[in-house]
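Just so you know, the protein sequences line up as chains A and B, in that order.
Take 0 as the starting number for the first sequence in numbering that gives the first Met the number 0 and just add one per residue.
Take 0 as the starting number for the second sequence in numbering that gives the first Met the number 0 and just add one per residue.
Hint data in this document are derived by calculation from the structure and do not stem from the laboratory.
List of simulated lysine to aspartate or glutamate pairs, EDC-like, C-alpha gap at most 16 Å:
1) Lys64/A with Asp105/A
2) Lys116/A with Glu59/A
3) Lys318/A with Glu40/B
4) Lys373/A with Asp398/A
5) Lys32/A with Glu119/A
6) Lys293/A with Asp303/A
7) Lys186/B with Glu102/B
8) Lys380/A with Glu102/B
9) Lys404/A with Glu391/A
10) Lys24/B with Asp359/A
11) Lys47/A with Asp303/A
12) Lys94/A with Asp77/B
13) Lys22/B with Asp281/A
14) Lys22/B with Asp219/A
15) Lys231/A with Glu290/A
16) Lys318/A with Asp35/B
17) Lys312/A with Asp44/B
18) Lys218/A with Glu347/A
19) Lys387/A with Asp398/A
20) Lys32/A with Asp128/B
21) Lys312/A with Asp301/A
22) Lys53/A with Asp303/A
23) Lys284/A with Glu223/A
24) Lys375/A with Glu386/A
25) Lys24/B with Glu280/A
26) Lys174/B with Asp96/B
27) Lys218/A with Asp20/B
28) Lys168/A with Glu181/A
29) Lys24/B with Glu223/A
30) Lys318/A with Asp44/B
31) Lys186/B with Asp96/B
32) Lys231/A with Glu347/A
33) Lys24/B with Asp281/A
34) Lys24/B with Asp219/A
35) Lys65/A with Asp105/A
36) Lys22/B with Asp359/A
37) Lys174/B with Glu250/A
38) Lys22/B with Glu223/A
39) Lys22/B with Glu280/A
Keep in mind that this is a model prediction, so the values were computed, not measured.
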Amino acid sequence: MIDYRRIAKRLVISILLLTVVCFDQQIFAQDGKALFQQNCASCHAVHKDLTGPKLAGIEERVPDKKLLHDWIRNNQAVLKSGNKYFNDLYQQYNKAAMNLFPNLTDAEIDAILAYVKVQEANVPGAKGNPKTDQDAKATSSDNTLLFGILTLILAIIVFTLLQVNANLKRLSDEKEGVPAYEPVPFWRNKAYIALVAVILFVIGGYYTIQGAIGLGRSKDYQPEQPIYYSHKVHAGTNQINCLYCHGGAQEGRHANIPSLNTCMNCHMAITSYSGEDLYREDGTKVDGTAEIQKIYKHTGWDPDQQKYANEPKPVEWVKIHNLPDHVYFSHAQHVNAGRVACQTCHGEIQNMNEVYQFSDLSMGWCINCHRETKVKFTENKFYSIYEKFHNEIKNGTLDSVTVEKIGGTECQKCHY
Amino acid sequence: MKKISIIAVCIGALAMTACSDIKRKPGRAYMPDMADSRAVETYTDPRTLQDKNINYTGNPVAGTVSRGEEVIYKMLKDTTGSYGPAASMKNPLPRLDTVALVEAERLYLINCGICHGGKLDGNGPLYKDGTGPYPAAPKNFMSDDMKKMTDGTYFHSVTYGKGMMGSYAAQLSPKQRWMVIHYIRSKQGVGAGEAPAAADSTATAAK
Numbered sequence: 000m001i002d003y004r005r006i007a008k009r010l011v012i013s014i015l016l017l018t019v020v021c022f023d024q025q026i027f028a029q030d031g032k033a034l035f036q037q038n039c040a041s042c043h044a045v046h047k048d049l050t051g052p053k054l055a056g057i058e059e060r061v062p063d064k065k066l067l068h069d070w071i072r073n074n075q076a077v078l079k080s081g082n083k084y085f086n087d088l089y090q091q092y093n094k095a096a097m098n099l100f101p102n103l104t105d106a107e108i109d110a111i112l113a114y115v116k117v118q119e120a121n122v123p124g125a126k127g128n129p130k131t132d133q134d135a136k137a138t139s140s141d142n143t144l145l146f147g148i149l150t151l152i153l154a155i156i157v158f159t160l161l162q163v164n165a166n167l168k169r170l171s172d173e174k175e176g177v178p179a180y181e182p183v184p185f186w187r188n189k190a191y192i193a194l195v196a197v198i199l200f201v202i203g204g205y206y207t208i209q210g211a212i213g214l215g216r217s218k219d220y221q222p223e224q225p226i227y228y229s230h231k232v233h234a235g236t237n238q239i240n241c242l243y244c245h246g247g248a249q250e251g252r253h254a255n256i257p258s259l260n261t262c263m264n265c266h267m268a269i270t271s272y273s274g275e276d277l278y279r280e281d282g283t284k285v286d287g288t289a290e291i292q293k294i295y296k297h298t299g300w301d302p303d304q305q306k307y308a309n310e311p312k313p314v315e316w317v318k319i320h321n322l323p324d325h326v327y328f329s330h331a332q333h334v335n336a337g338r339v340a341c342q343t344c345h346g347e348i349q350n351m352n353e354v355y356q357f358s359d360l361s362m363g364w365c366i367n368c369h370r371e372t373k374v375k376f377t378e379n380k381f382y383s384i385y386e387k388f389h390n391e392i393k394n395g396t397l398d399s400v401t402v403e404k405i406g407g408t409e410c411q412k413c414h415y
Numbered sequence: 000m001k002k003i004s005i006i007a008v009c010i011g012a013l014a015m016t017a018c019s020d021i022k023r024k025p026g027r028a029y030m031p032d033m034a035d036s037r038a039v040e041t042y043t044d045p046r047t048l049q050d051k052n053i054n055y056t057g058n059p060v061a062g063t064v065s066r067g068e069e070v071i072y073k074m075l076k077d078t079t080g081s082y083g084p085a086a087s088m089k090n091p092l093p094r095l096d097t098v099a100l101v102e103a104e105r106l107y108l109i110n111c112g113i114c115h116g117g118k119l120d121g122n123g124p125l126y127k128d129g130t131g132p133y134p135a136a137p138k139n140f141m142s143d144d145m146k147k148m149t150d151g152t153y154f155h156s157v158t159y160g161k162g163m164m165g166s167y168a169a170q171l172s173p174k175q176r177w178m179v180i181h182y183i184r185s186k187q188g189v190g191a192g193e194a195p196a197a198a199d200s201t202a203t204a205a206k
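Input sequences plus hints: build the corresponding full structure.
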C-alpha cells in the first residue's frame, strides 16, 4: 500500500517536472523569438545578410561566449579593444554601427541565440510549387478552342443534313415519278452562292470597319518589358499602393514611371522571389529572382559589397498608354479632383502579371465617361465655385452633376 | 464534300490562331502627323537629344530647391550612423488640423504602411510576422525606443534612409515628411500637448 503510494507520488512529481521543463523551454524559445524580433530583426536575419551579417552559425564563428555577449551589449567597446574579427566585420559592412543593448541580460541573450539556433534548421526556399496558375490558364484557353470546334462541327452537321435532305427528296421524287431536275451541285447553286456572298460581305465588312476604327488605337497592347515586373505580385499580393511608385499621378500630368531608387527601397533587402510561379503570356516560366537581379545590374548595386559599386544605366521600359499629342490629359486632375480610381481606366491592374492597355483611349471613350460620371460634388471643395448647381441641389431640382455639366465635353477642355 | 470540309477546318483553325494572339505590337496608325509630338516629350531618351546638339542632363544642379518648396533641409547624410546632429531639429510645421491629419494618414499608409503597418506596429503586409517577402523587421513605432526618438532623427532617417530602409526624399517632399512625422507622433501620443510654436523653428530650419 505504502509502496504504491510512493510510486504514484513519484510518478506525479516526475510528470509535473517534465511538463514544467517542457513548458519552460517553450517559453524560452518564444521569448527568444520576441526578443529577436524586437531587438535584432531590423538589421539581422537568420539566413540572409542585411544591414548586418546573417546570424546562422554565429556561435561557431564566435566560439567565445563571453566575447559574444560583450559584443551584443556594447559593440563599440569591443571594437575599441581591437578585436580583429569584429573590426574586420565592421569594415566589411561599411562601418554600419550596431545599436547598443546594455539592458539585455545573459539569459535573454542566450534565449535569442537559442532561437537563432532553432531557426538555422529552417532553411527557406524549399517550398512546393503551386501550379494552379498555369492550369487555370490552360483550361481558359482550352475553352475558347472547344467552343470553336463545337461550332465548326455543328456547322458541318447542318451542312451534311441539308445535303442528305436534298438527296432524300430527290429519291422520293424519283419514286413518285416527279420529273427530276438536273441536280445542281451546291457550288453552282445560286441560293448558296448568294448566302456565302452575304456572309463574306458581313464578316469582311465587320473586320474592315473594326480595323479602320482601331487604327491609331492600341487596346490590349501588351508589350514585353525589359524587366518582368508583375503588378499582380506587387499591387495584388503585397498590397503596395499604386501611388507608392506612381506618386506623380497626384502631382502632375504624368503618372511617373518610378525611378530605380523606388525599387531599391524594398529590393535592397528582397533579393529573391519565392512566391507563386510566374508565367509570361506565351506560357514560358519566369525566374523571379533573375528579374530582381536585373535591377541591381541597372542601378549598379553590388549585393555582395552592399553598395552602389558599378555604373548605372536606365531601364528602357516600353510605354503602353500613349495619347496623341493634340489632346491634353492630366492625371492629377482625375486623381485629386475627380477621385477616379486607377482601375477605372487601367483595368484590374492588381491582377495583371504583364500590363496591357485596358481601355482603347479613344475620344468616344473619354466623352462617354464624362457624360456618365457623376462628380463627387458636395464633398469635394474643388467644385465649390459652381454656386448655381449647389443651389439647385439644395432646392432639389438637380440630383447629380455629371462631368459634362461642368464643361467636361467642351472641345477646349482637352484640345488647345 | 471531303474537300469542302478540309477547307472549312483549315479556315476555322486559321481564324482561331489569329484570335488568340498576344498583342505585342501597338498596331498601326493612319496619318499620325498630329499624334506624335514634335516637342520633346516626357521620358524621351536623352541620347536622341545629344544627336540634335541639345545638351541635357537629367540631374539638377547640387543644392537645387524645387519651386514652391516651403521647408528646406540642407543637412547632409550622417555617415557615422548615430544620426546625432539631426536629433535636435524641431518639426517646423504647426500641429495638424483634422483635414491635414487625414492627408498625413493617407501619405503614411501609401508610403510607410506597407512595412511599418497600418497600426504603426512594424508589421505591414510586406513583413507579416516574418512570413512576408521583406526579411528585415520594420521598426515598431509604438515601442518605447521609437517613442523616445526625436523628430529630427525621424526626419533624417526618412530623408536619407536608415539600415535597410531606403531614402524617401524622392517620394515625400520635406513638408510631407514633417506631416507624416506629426501623424506618427499623434498616434504614439508623444508631444501631443506641445504648443504650436512654429515661427522660430521654421526660421531655424530654413537657414
